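Chains A and B supply the protein sequences, listed in that same order.
Going by the working numbering, the residue at position 247 of the first sequence is 247; the numbering climbs one at a time, nothing skipped.
Going by the working numbering, the residue at position 277 of the second sequence is 277; the numbering climbs one at a time, nothing skipped.
In short, the hints are calculated from the structure, not lab data.
In this text the structure is predicted, and so the values were computed from the model without any measurement.
No residue lacks a Cβ here, since even glycine has one placed at the ideal position from N, Cα and C.
Please note that a few of the clues may not be correct.
[Stated by the list, open to error] The following label-pair restraints were derived from C-beta to C-beta distances:
| # | chain 1 | residue 1 | chain 2 | residue 2 | range |
| --- | --- | --- | --- | --- | --- |
| 1 | B | Pro31 | A | Ala172 | 28 to 34 angstroms |
| 2 | A | Asn92 | B | Phe190 | 47 to 53 angstroms |
| 3 | A | Pro117 | B | Phe190 | 42 to 48 angstroms |
| 4 | A | Ala222 | B | Val295 | 41 to 47 angstroms |
| 5 | B | Val25 | A | Asn92 | 49 to 55 angstroms |
| 6 | A | Ala172 | B | His80 | 56 to 62 angstroms |
[Unchecked claim] The calculated lysine-lysine pairs, modelled on DSBU-like cross-linking and capped at a C-alpha distance of 35 angstroms, are:
| # | chain 1 | residue 1 | chain 2 | residue 2 |
| --- | --- | --- | --- | --- |
| 7 | A | Lys86 | B | Lys316 |
| 8 | A | Lys86 | B | Lys192 |
| 9 | B | Lys192 | A | Lys279 |
| 10 | A | Lys120 | B | Lys7 |
The chain contents come next:
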Amino acid sequence: MYLNLVLVQIVNGLVLGMIYVLLAMGLSIVWGMMNIINFSHGLFFALGAYLAYTLFSVTGNFFMGMILVPLGTAVIGMLLELTLLKRLYRLNILYQILMTFGLAMTGRELIIIFYGPVGKPFVPPDILSGTITLGAFFFPTYRIFLLLVSVCITFGMWLFIEKTKYGSIIRAGTEDSEMVSALGINISRVFTLIFGLSMAIAGLSGVLAAPIRGVEPMMGEAILGICFAVVIIGGMGSFMGAIIGGIIVGLSQSLVTLIMPSASIIVIFLVMALILLLKPRGLLGIRD
Amino acid sequence: MSWSRLKIELQKNASTLIMAGIFLVLPFILPYRALATEVLIFALATVAFDLLLGYTGIMMFCQASFFGSGAYITGLLIHHFQPNIFLCMGTAIAGVALLALIFGYMSTLRTGSYCVLLTLAFNELIFFIAYQWKTLTGGSDGLRDIPRPSLEIPGVFKVNLLSETHFYFFALFFFILSFILIRRITESPFGKVLQGIRENETRAQAIGYNTQLFKIAAFVIGGSFMGLAGSLYAMFMNFVDINLVAFDTSGKIVMMELIGGMGTLFGPILGAGVVTLASDIANAYWERWLLILGVVFVGFVLFARGGVWGMMENLKGRMKIIRSKGE
């Protein structure tokens, strides 16, 4: 019985971990390439969840949300980048941080104005509810679905970054974006697209997470700190680091829940502090 | 002291004197006394943060853990032991200084944006500890039953602080004292090194300064004053709200700092005043007024990075030019 519980928690930990991976990937790419810490990353996660909620309650089709919402958050993200962030690139990074922080607060208030301050339940679509039996164990279908989808997206992102021409621009930009621009690549447009991509994944992870945790206005802020911890553990600008960090954090959070539920989130930050002391660059960090 | 010397001193300290004057009458012109105390305490926290962001160039988001921990330590001490007020505040400051030392050391292992990220993560750690450790902190209900101690040195004097006016002037004393100390620090050789780190950390290292040590010192000094502000706040409210250690409080102090004008010491006071008063007024009309604050803040980041103080200086400069042209 206890083994069963542990196994279920491992699956839960992986599910949670994959959501962190999706968020940390976007955070890490933007950080590595544009040197921006995006404090509004959590906002786009919440925005994704809320847009999915609206679409699902209007159309009843969950999968439509999985396609349309990321497009929506990407467009909103790119518009904000073009109109607001772009003006601040020539200044100290402080102002970009402050800008994303201001946007996060403004966006949260907008969400509360539109949807109210109280959270809403979000039931997974019929086709994905119920459980799957694997041997002697039962797993909720939706969690398995989430796991599969997020692994596919992560793999797709890996292919995109490691195997395509655009990916090589991103990797080169993480090393030295000035050099990339000297090679004749319109770095400004690349920044916009990267920001949009990162916001698309953030929105999608919001869609995927909504049926597990429901939607509420503060969900973005709650997850932002954890994602920062993931990026610190994995190392800045490292794609694999985001994956490993996310899974470590997800697993430790869900396994500690078994022993001491109240410490489950605290443990994340303690792990982060420990790794920081042992390896200040994070597990796979490449540069400062 | 000769008359001309006095005049020069007065001119040099004109802003300080004007500020002191404003604070002397503030509680009597605001709708209620407690509002002035609120302005004062947040002004203290923001000035302390100015030492970090404005003078050392360290951006951080763990102001709330310093401010809130100061409040929790004070609250817990009064709640359980009712010690002397000075002992209580001293313990809170010492406790927060220790916390700032640990956070400062760990955050300054990395520079720039990494440091910002770490401070946010540490703030989350403190928040979740306060949130989960319900038997100690009261969790999300906050820490209740903190009677305000009287100002007392046993056998020497005793003043009752229950009146809001008394408490305001008690807080004002600590505010002015802290302000003078912080300004003295920024003008000292130590403060100049901090400004050197802000301008170019690598160069400061090249000259031979151990910049991490200086940054940790800035954390400890700034953190201690934030702890003092938190300690005052706990006694002022007779209650410690869990939100005092939440990200929102850090964000509030950051906004006050930028809207006021960073690196000016006076600007942050102005920012704390503007934001506190505006929120008090606006809250009565619209609960979601933070939306407006957010938009205003974004506007300041885009168009007025010098804050309100910067705008005033700018205006003063223009007036001078116009006047000199007139002559």
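To see whether the hints hold, each was checked on the structure:
A hinted range of 28 to 34 angstroms for the beta carbons of Pro31/B and Ala172/A is inconsistent with their spacing of about 59 angstroms. A hinted range of 47 to 53 angstroms is violated for the C-beta pair Asn92/A and Phe190/B, which are about 23 angstroms apart. At roughly 46 angstroms, the beta-carbon separation of Pro117/A and Phe190/B lies within the given 42 to 48 angstroms, and the hint holds. At about 23 angstroms, the CB distance of Ala222/A to Val295/B disagrees with the hint of 41 to 47 angstroms.
At roughly 38 angstroms, the beta carbons of Val25/B and Asn92/A sit outside the given window of 49 to 55 angstroms. As the Cβ distance of Ala172/A to His80/B is approximately 59 angstroms, the hint placing it in 56 to 62 angstroms holds. At roughly 31 angstroms between alpha-carbon atoms, Lys86/A and Lys316/B fall within 35 angstroms of each other, so this suggested pair holds. Between Lys86/A and Lys192/B, the direct Cα distance comes to roughly 33 angstroms. Compliance with the 35 angstroms bound is thereby established for this hinted pair.
Taken as a hint, the Lys192/B and Lys279/A pair is honoured in the structure, with Cα atoms around 32 angstroms apart against an allowance of 35 angstroms. At most 35 angstroms may separate the alpha-carbon atoms for a hinted pair to count; Lys120/A and Lys7/B exceed this at roughly 65 angstroms.
In this structure, the hints that do not hold are numbers 1, 2, 4, 5 and 10, in rising order.
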